[in-house]
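Enquirer: Below, each chain spelled out in residue letters.
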Amino acid sequence: MRALRNPKRGRAAAAAVLIVCGLGLTAQGAWIPAKAAFAQVLLERAFARTLASGHPEKPWPWADTVPEARLSLGGESYIALAGSSGQALAFGPGHVEGTPEAGEPGTAVYAAHRDTQFAVLGRLRPGDPIAVTRSDGTMATFRVTGSRVARWDESGIDPRAPGRHLALSTCWPLDAVTHGPLRLIVEAESDGQGDARSD
Amino acid sequence: MSVLAFPLARTRPRAARLAPLFLGFLALFAIPGATRAATPPPGSGELVLRGPDDAAPVEAPRLMTDVTVDVSGPTARAVVTQAFRNTTKEWVEGTYVYPLPEDAAVDSMKLVIGERIVVADIRERAQAKRDYEAAKSEGKTAALTEQERPNVFTNAVANIGPGETVLVRIEYQQTVRHTGDRYSLRVPLVVAPRYNPAPPIVNLVGEGPATGGADPVPDRDRITPPVLDPATHAPVNPVTVNVSLKAGFDLGALRSDTHKVNIEEAGPQSRTISLADGPVPADSDFELVWKPAPSVTPTVGLFREHVGDRDYVLAALTPPEGKAGPRLPRDVTFVIDNSGSMGGTSIRQAKAGLLAALDRLGPNDRFNVIRFDHTMDSVFPASVPADQANLDRAKAYVAALEANGGTEMLAPLQAALKDTNPEDTKSIRQVVFLTDGAIGNEAQIFSAIAAGRGRSRLFMVGIGSAPNGHLMQHAAELGRGSYTNISTIDQVAERTRELFSKLESPVVTDLTATFSEGGADVTPGLLPDLYRGEPLVLSAKLPQATGTLTLSGRIGGTPWSQTLDLSSAPEGAGISKAWARAKIGDAETARITGRMTAESADAAILELALGHKLMTRLTSLVAIDATPRRPAGARLSSAELPLNLPAGWDFEKVFGTAGERAAPIAPPPVQRRAELRRAAAPAVALPQTATDFEIRLWLGLTLLGLGLLVARSRRFA
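If you're matching them up, the sequences are chains P and S in order.
Going by UniProt numbering, the final residue of the first sequence carries number 199, and the count climbs one at a time with no gaps.
Going by UniProt numbering, the final residue of the second sequence carries number 717, and the count climbs one at a time with no gaps.
You may find that some hints are simply not true.
[To be verified] To give a feel for the contact side, a few chain S residues facing chain P, derived at Cβ under 8 Å:
#1 L328
#2 L618
#3 R696
[To be verified] From chain P, some residues computed to sit far from chain S (all C-beta separations above 12 Å):
#4 V17
#5 L25
#6 R49
#7 S53
#8 G54
#9 K58
#10 P61
#11 D64
#12 G103
#13 F118
#14 I157
Everything labelled a hint here was simulated from the structure, so no lab data went into it.
Cβ atoms here follow ideal geometry from the backbone N, Cα and C, with glycine treated the same way.
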């Protein structure tokens, strides 16, 4: 019966390996949305401090980015960070480099993960309001004008377009599980209001 | 529904009337080259369709069309015979999308199967569709004619037997177009591929009912039949055209710029016209133009018809040309379509037309040029004086245009109609719009014109071999302007001159029509302003055609009026149909502009359509054979008949190199001035915004589950 003992031991080892790998991947997978949710709490606090002090405040001591604006859309509110590197995007929406601040002439672009903060983009309809509170305390308000899908390198967004525009981008399709070249772009136009101090 | 079954040749008058049917039928076999040329080489991508049980693919039926038009004075009656020939060993259903003139009053359809003729009934659209589907599933041969646009129709024919040919014969009434001393008849022969702007993406995501902007082309799948690439397929759908012309006056010049024709003289007022080279592929519209003999001035066209207990009158009268008053400075915005559908010969015609138009501007005029595909640009940020420097700059800009991309017409139209100075009465604001109109969102365009026209007047210039006449005519009507077609490069000079003489001459305004007897129902309800050479065409329903009709208005500020005696009007044919068709057009316009609610407009249209047996958006013609013929158990395959690409078009510019419709999701119009246009505008690169947490989570949980399973099985082993 020795022949039977080996498979048993092998099976035990296999089970252990599978369980360990499974736990590891599950933890990794679960960590991503957990990190995003937790980071938003810290970012919210840091942004409140930024508004109060007038200086950029880091959300945690070793952070390499600062909260830049609060985006309010579709009934949700997120703190956006400067820059759109993968690291910044792990915590919240990023303000894409080379585009103006929201409310300034041109097109301000924010990007975020489709499966965390910007899952909400799929629910936006033309006419829906979007408000952006900037770190200087001013608020710019926009109305959604429409949305479209484009390749990441053919976005057609002109950061220097005349008028005051806002573009929000996330990966498309929203329910895909792998990375792809397509982006959903929701476009909005300044509705001329806003600019009121918000405290 | 009446089913007539008799040997055709024995009943002489009937046989004579059916001559076109035979022509079409015989021509099918007389010119095998034209139809067989389309036999696909293996693997050429000929349109085939898999049956429901995924058996062998089935070819679409072959089609041959004969168009016979009888022109009699101001009206024309046309008979279009389509022969659907099933070359397969299966029972098939064929669907063919085809054009008719935008003002066609379609009132008759007959289905001919062997020796049986089935006369179609007019029914409400949904009911007609149900009846057709029922007949189709019962194995009866049936035909259904539906209107997709006032100038785009679909014929579906079900249960065509193996090797059989079935004929569908449609008849319609139309009025002859008349401007200056030029009379013209246009027979559209192909539906050009349309660009259909994408619905807002938010709707596609669609959780819950769509509340955002609705799809601008809700029926996109009905107006996008397959189109053959002329590079890999011989032309299909051969067509013959015969016109019998009785002008009602002594004829001068008569010609067709679009096709080579044979002309036979049959008296001073009559001609017989046929295609010189026999059947041609249905890939460009047929246009016939005639003028009266130089010594003749055609008199007022006034005709009447008695139908039921009512009289109908049709009046066509050209007001005299006014004296040119002081010339007001004009502010002209030119809009040129440089989308992919304009590729090939169309863009050359459009550019030549626009360059000729720029030369006609005076030193006191102002102008601007906007170009659009799925993006748009303007040469100047706002209109500028027409001085040499500005004109040179605009001309260089126009000369460099190339056709490419989608056709997002709404934004450039709105930009052109935007008036920075709406109260200005010292200048005239005009918009000249050059396009082939190959779009599916006509309704959106019409609403924008009705809402935004202000004091601007919109002049449409239809370009190319198969322009969208419905868009041209209706946009000009809503924009209180006029429209003209440039079908070939040879017509550019003549038609541009004509357009400009309209732009420059005094307009006939404040037109009213007064009948001395009461009870007249007049259409159009609001008489349009008229440009030089344009006739006033109106029709009316009266209890009795007696008394007088007085037309009055102002020509460039001077009052004018003319009185016509109705009782002396000669009898005309089809006047009541023309009146009903015009009333239906009025109701459609009222619906678009919001003067009528959708419900009340639809009710009015339905009543007119059923009363006068006309096909409309809401009514269809359906013919059903009495006896089922397809044996029970034999399968029926369906196929959409492919269309030719309109002549002069560039297939790749419209469909892309892969042979698929380019840009399923339209990029938005990016508004940018020409000066700001940068070589390869640095569009923002968007970061990767997807995480793979879901994959990891699922993979992790799966592994975990597997591990636990293995562990359990070990315990019980």
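Enquirer: Confirm or reject each hint.
Expert: Each hint tested on the structure:
no.: 1; hint: L328; in the structure: violated, 32 Å
no.: 2; hint: L618; in the structure: violated, 30 Å
no.: 3; hint: R696; in the structure: holds, 3 Å
no.: 4; hint: V17; in the structure: violated, 7 Å
no.: 5; hint: L25; in the structure: violated, 3 Å
no.: 6; hint: R49; in the structure: holds, 27 Å
no.: 7; hint: S53; in the structure: holds, 29 Å
no.: 8; hint: G54; in the structure: holds, 29 Å
no.: 9; hint: K58; in the structure: holds, 22 Å
no.: 10; hint: P61; in the structure: holds, 25 Å
no.: 11; hint: D64; in the structure: holds, 16 Å
no.: 12; hint: G103; in the structure: holds, 17 Å
no.: 13; hint: F118; in the structure: violated, 7 Å
no.: 14; hint: I157; in the structure: violated, 4 Å
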